[in-house]
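Protein chains in written order, with the working numbering: chain A, 1 to 235; chain B, 1001 to 1272.
These are calculated hints, taken from the structure and not from any lab test.
A portion of the hints provided could be inaccurate.
To be verified - The calculated label-pair distances, taken between Cβ atoms and stated as ranges, are: (1) B:E1249 <-> A:V15: 33 to 41 Å; (2) A:V64 <-> B:P1045: 51 to 59 Å; (3) B:T1067 <-> A:P73: 30 to 38 Å.
Said to hold, decoys possible - Facing chain B, from chain A, some residues (calculated, C-beta under 7 Å): (4) S86; (5) R87; (6) S88; (7) P90; (8) L91; (9) G179; (10) I181; (11) L184; (12) S197; (13) K198; (14) G199.
Stated by the list, open to error - Covered, in the sense of this in silico footprint (three residues per stretch, anywhere, with C-beta under 8 Å from a C-beta of chain A), are these stretches of chain B: (15) 1050-1058; (16) 1186-1194; (17) 1199-1209.
For glycine and all other residues, C-beta sits at the position ideal for the given N, C-alpha and C.
Listed below, chain by chain, are the residues.
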Amino acid sequence: MQNMTEATWLALQLVLSGDADLLEIVALSLQVSLSATFLACLIGLPLGALVAISRFPGRGAVLVVMNALMGLPPVVVGLIVYLHLSRSGPLGFLGLLYTPTAMIIAQTILIAPIVAALSRQVLEDMHSEYAEQFRSLCLGRWQAMQALIWDARYALLTVGLAGFGRAVAEVGAVIIVGGNIDHLTRVMTTAIALETSKGALSLALALGIVLLVIALGVNAAVQGVRMSAARHAYV
Amino acid sequence: MFQRTLCVSFAAIVAASALHAQEQSIIVQSTTSTANSGLYDHLLPIFEEETGIEVNVVAVGTGQAITNAENCDGDLLLVHAKPAEEAFVEAGYGTSRTDLMYNDFVIVGPDGDQAGVGGMSDVEAALSQIAESGSLFASRGDDSGTHKKELSLWEASGVDPSTGSGEWYRETGSGMGATLNAGIGMGAYVMTDRATWISFENKQDYEIAVEGDEDLFNQYGVIPVSPDHCPSVNAEAAQSFADWLLSEEGQTAIGDYAVNGQQLFFPNAPES
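Here chain B stands alone, though its shape is the one from the complex (with noise of 0.2 Å):
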């Protein structure tokens, strides 16, 4: 008796497996804002009926998302991280990389505003003022697109936060979502990809402190895992989703997403 149900049980767990592999799928590896946002949720039903091609993401930050990529964990990758994403491709992980579509990052603090950058737009002066301030500031710190580009900033404004770490500056080391509340919970500015932060449903007295600086773009681009390292990705499915993404089709819809009528991506995938 015992024995049937394990054999039974092992039966189930073997056809169940079987049954996945069948289905003509693919991974997406994807930075979490695209997922957080609920973009996917517009884009992959479209995609899906035309295709018949089920994609399923796995939405972690951009760092990790690239080690899983690399490790063959995944048929395509959406990340924003230009520099990293094209090592990734040079050291022939990636087959190619093409923007995909664009949005910006911008500051959020609390009402009261204590480092008094409320309107600024020079966002490397507005980062200096906080640090001086000594005002809370809430950093990713999980190697993240987002984290990789506040730092960068943060080297442009001339000041090292790292100095002040623990003190005023609070590494999270956790997600988009998880460093919002964290950062909204002790009152500290947080430095956020916009699409995560309208969609974000826990903003409390925070606004946008600063935001409209050039430094502040945020560039998506979307790779191909390439077949030839890793023999086991669905190499053909994944280009034909990237291909729509990238298509007219594809990139009307990325810009028909709205979220509270404010639209989150804008796509400016290069004309073919």
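Chain A with its partners taken away, still in its complex shape (with noise of 0.2 Å):
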């Protein structure tokens, strides 16, 4: 319990400090978690519409393989990432290994079926709702779709929060394509981890509390436009 202590004094005092390399660390990892954020609703909205919309052939097991990949290992994206952006894999020539954007990618690929998987259950939800109502305007599919995600957008904040929360925290994957390189690819999950292994444990507290106080205000941010949001709408 004297490491509990210890670590929230720490905490305190590198935030306060203003210490330049935590500031550049929290920097990397916001960046990087909230690209791939961004990226997997690009791909996960869309997505999780279009099966919600949906009917198919074989759109159970489609439904099992997307919720199953939600627990996609960490470490198991990041090994299959490093093989293709290896300078020996096929996606080697574009030099990215070992960069921000490899840890973009690996986060993407890690979140879009939390998003997909996720909003594919808001959407289905409201779409039962809605879809007399869709067929009478006689909208297509792509409309249904936009319609849909537009009328969910305040639940799919909360979808992308998971994808985001799940994707700030991981260590695994970013450790194995970012190579945890200071001032170039250390966010702060691989800070934690290398405090950790250098028996610091009271520094690797303190960084996580930092990182639990930096999902924080980002939640609190979205529910901050959420509810300024909805105050506009029932004006």
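Fit chain to chain and form the complex, with the hints in mind.
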């Protein structure tokens, strides 16, 4: 328990002193995970919407696969991306390994299934209410998907946050494709893993507290957006 | 609007990677002990200021470092498993291997010293004593330089620890620091390089039990990755970092590095 108290103090000191290294690591964490969340939403939301409103043979199997992919182990994703981006891999010529771009790609692959599977559920529930109306308005599939996503936007924010939470908290994928290089690809989770392996447990825990506070901040910001938007809607 | 954001974000990603490629930089695939002990934080600023070459360190176990270098994902290899390093050069992956520096391995154990090996300097005898007493021993189990060394010592001691795997012989499959954390957590003996031990901050009641055997010698080597095998490597910059490490200046800088007043690495590059 002594570690806990010490860590809390350390976390406070780190934040208050505006430690330049810490700021750099925090900024990269946010940059990588927010980009990955954004890209995962671009892929996952249309995919989720499409599956939500479509009926086709083998749909049950697709749902099972989509849901199962939510449990993709980060290390496996990291390994697959590593093998592709490695200089000896098929995409090695791009020279992307050990760059933030590689980390964004890995996290996007990790969380796109989460966004797709969760949004599919949300949109399907909504679609069962809207289906008749859509039919009466003779809306095409593409328009129906757009209307559903727009109407479910607040629920989908939570879906995006679930994806972001997974991305910002994982260490297995980014440490393999990023390499935890100081001042280049070090993010919060890989820094925590590094300090733990140095036996600097209090510092590791302090970084963990900072990470939690950041996640809290992002969630609070989204909540703020949602509440102010809701107020506008009912004025 | 949607498309524009998409476009901008991709442009940013492409610009960021282009920017990265323009800098003169190399990637060193390194063992963890040199990174975790802070040696690079001491050496790199000196080298970077002199040459303007940015050195990026990927610190993983020796086994993984060699595999990554074989895949051309590094420009220079800095590890500590001489037979594996020589095989790497022989297979054409590296240009040449040179001794860089050394330190030694030690076996650390808890205050209680259940196996009674405290103060011993014969490492093979100490290991058989640990096995016979049924004391816990935490092994890296990850094909790292330290793990390879540990296995060769068990072989010399005549004990086959794999028969006790999962019982008294605990293979963590992780890095040195993680294995120390685990070993200390369960009260097991652990073999570690001295540099990692001295700079390790979670020692609790652990102390060095076995040290001073010639067999515990730990040699580090440096190998530039061959441009013939990997055309993508930055051979020139990698060679200049290797040359600097092996130069009088680099060797002095290595010898100067100390944690808590203790020197961690002893330079021993061949005189040119």
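Taking the hints in turn, this is what the structure says about them:
1. B:E1249 <-> A:V15: 33 to 41 Å: Since E1249 of chain B and V15 of chain A have Cβ atoms about 39 Å apart, the given range 33 to 41 Å holds.
2. A:V64 <-> B:P1045: 51 to 59 Å: 54 Å, holds
3. B:T1067 <-> A:P73: 30 to 38 Å: 20 Å, violated
4. S86: 5 Å, holds
5. R87: Where the cut-off is 7 Å and the nearest Cβ of chain B is about 3 Å from R87 of chain A, the hint holds.
6. S88: 4 Å, holds
7. P90: Constraint on P90 of chain A not satisfied, violated at 12 Å.
8. L91: 12 Å, violated
9. G179: Given a least distance of 4 Å, the restraint on G179 of chain A holds.
10. I181: It holds, given that the least Cβ distance between I181 of chain A and chain B is near 4 Å, below 7 Å.
11. L184: 6 Å, holds
12. S197: It holds, given that the least Cβ distance between S197 of chain A and chain B is near 3 Å, below 7 Å.
13. K198: 5 Å, holds
14. G199: OK, holds: G199 of chain A within 7 Å of chain B, min 3 Å.
15. 1050-1058: Answer holds; 3 residues pass the 8 Å Cβ test.
16. 1186-1194: n = 0 at 8 Å, threshold three: violated.
17. 1199-1209: holds (count 5)
When each numbered hint is compared with the structure, violations occur for hints 3, 7, 8 and 16.
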